[in-house]
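Got chain A; can you put chain B on it based on the hints?
Protein chains: 2
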Amino acid sequence: MNKPEMTDAGLSVSTTVVGVDETGATRELQLVGERALTIYVDKQEIVTLMTIGSHPEILTLGYLKNQGFFESLDEISVVQVDWQTESVAVVTQTESSDFTEQMSRRTVTTGCGQGTVFGRLMDKLQNIHLPQNTILQSTLYALLDSVKAHNEVYKKAGAVHGCALYTGDELEIFVEDVGRHNAVDAIAGYMWLNDISGDNKVFYTTGRLTSEMVIKVAQMGISTLLSRSGATQMGLDMAKMSGVTLISRSRGKHFMVLNGAENIEFDAQEV
Amino acid sequence: MNKPEMTDAGLSVSTTVVGVDETGATRELQLVGERALTIYVDKQEIVTLMTIGSHPEILTLGYLKNQGFFESLDEISVVQVDWQTESVAVVTQTESSDFTEQMSRRTVTTGCGQGTVFGRLMDKLQNIHLPQNTILQSTLYALLDSVKAHNEVYKKAGAVHGCALYTGDELEIFVEDVGRHNAVDAIAGYMWLNDISGDNKVFYTTGRLTSEMVIKVAQMGISTLLSRSGATQMGLDMAKMSGVTLISRSRGKHFMVLNGAENIEFDAQEV
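Just so you know, the protein sequences line up as chains A and B, in that order.
So the number in the working numbering is just where the residue sits in the first sequence, counting from 1, plus 282.
So the number in the working numbering is just where the residue sits in the second sequence, counting from 1, plus 282.
Derived from the structure by calculation, the hints contain no laboratory data.
Predicted, not measured: the structure shown is a model, and the values here were computed from it.
Every residue gets a Cβ at the ideal spot worked out from N, C-alpha and C, and that includes glycine.
Keep in mind that a hint or two might mislead.
[Said to hold, decoys possible] Calculated Cβ distances over 12 angstroms to all of chain A for the following chain B residues: (1) N284; (2) T374; (3) S379; (4) L412; (5) D477; (6) G534.
[As the list claims (entries may be wrong)] Pair by pair, the computed Cβ-Cβ distance ranges are: (7) V360/A / A550/B: 54 to 60 angstroms; (8) K522/A / A550/B: 48 to 54 angstroms; (9) T297/B / N476/A: 38 to 44 angstroms; (10) Q414/A / Q366/B: 34 to 40 angstroms.
Pulled out of the complex, with its shape left as it was, chain A reads as follows:
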């Protein structure tokens, strides 16, 4: 498999501003940046994403893959980010891809990409039945400790969601962005770029376990999904359908398993 030629244009993500607290005192604090990034494929404008800009290349790849624009990385020869023009130019092998049909179909079904994605992903979900992997409670705890150490931007500046990919309690990649979707898409792009399968991986997110989150993770072939937040009913339904072990409200020593409790080995019980 060929990797595309890529820039490495990740931005540092926070700036210092001065605020006034409840005592009337001025205090320095850090805010995350939020940048527009317009994706062009063979000079066709595809979408403008709002992102903190830390991982623009894998975000672009993951977005295009999750939206169904490409199946194989071999189709893409260049991913070139230019912050001056707030754009990323993706060049395909043919240099003349044509997505007019996809773009117009999308319009008919929905005004918001998310909705469209949802429709297409649901179809794909029908065919996904993930292998069931056992996970130790002690591994979950070690993973949660590790996440705490990596949640950098959130700690400094707030206003972001974090997603992380783990093998057991070993971190593969941690991505924070202003939107959950971007952070998930960037991790999908990373897995795609590095040909990493979802087998025996654990996906962690600070965000809520909605249908779309569960569907995307199932589509990545990952069977264990862990969140600091709660789930929606439809998120749970999707987890049951595809076989995702769904663990909500994971913080410190607490968690709540909503699906696949039989895959958890409770080896860290306090006596």
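Here is chain B on its own, set in the frame of chain A:
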């Protein structure tokens, strides 16, 4: 001004499921529902929103207004929600509106409605200069107390964002939904339907103060925006541009003013 004929099809928003906690014990908990709602205007499909479904009619109105489909409520004669088909039928006075052009323009600029909105809203923001209203610290504290009492779904089931509209510390409406955008849009719809101006209103959100959040609130004519969460740099830039008093990290007795600190009267200082 005529109000459209509307259904009142708000759904109760949570269901009880059984989870397994970290001790291995089963526990009942509540999850929010998440429903697809497809908006049709004069039989043209516009968008599918994922929503908890508590305020489908004002969500529909606010979405259509914020996306620039309509200027006046008089153009709309019926808003009819049908959960069986997961759809809402909007009928205009002419019964033959044609949004083909809007829908295709949208496709060119972006695959995700959010991006498109952003572009159009930024243009509008250039002309917005909000009146500066003084707000008492004691009013902020009373408002935060009130929010706590109303944050119902969040407390029961998590996995939602809440937005509220206040006059001083008096609650006008509180809306929770799976996405921030829906909650904001529903409040925009409520204000539009009831001909409420943004003068002297305060907008509260549990969500982050991103550019889009600030732009939408400025567009509603509301000059004070309060959040439990942090802000992004671009959110702050938008607040400065339009004159929104931007208050982040508001919980209990704490807050951090990022723009318009001169509009806060610190009348509740502890001695």
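12 angstroms Cβ clearance of S379/B from chain A = 15 angstroms, holds
Separation of G534/B from chain A, once the least beta-carbon distance is taken, above 12 angstroms | Violated, since 10 angstroms does not exceed 12 angstroms.
Go ahead and decide if the range 34 to 40 angstroms is satisfied by the Cβ distance of Q414/A to Q366/B.
-> 35 angstroms, holds
Does the Cβ-Cβ separation between K522/A and A550/B fall within 48 to 54 angstroms?
-> 49 angstroms, holds
Assertion that D477/B lies farther than 12 angstroms from chain A (Cβ) = 26 angstroms, holds
Kindly confirm whether 54 to 60 angstroms is satisfied by the beta carbon distance between V360/A and A550/B.
-> The hinted range 54 to 60 angstroms holds for V360/A and A550/B, with Cβ atoms some 58 angstroms apart.
T297/B and N476/A, beta-carbon distance inside 38 to 44 angstroms?
-> 40 angstroms, holds
Status of T374/B, Cβ more than 12 angstroms from any chain A Cβ = Its Cβ never comes within 12 angstroms of chain A, the nearest being 17 angstroms, so this holds.
Say whether it holds or is violated: N284/B keeps its Cβ farther than 12 angstroms from all Cβ of chain A.
-> 26 angstroms, holds
May I ask you to check that L412/B keeps its beta-carbon over 12 angstroms from the closest beta-carbon of chain A?
-> 19 angstroms, holds
In this structure, only the earlier hint numbered 6 is contradicted, and the remaining ones agree with it.
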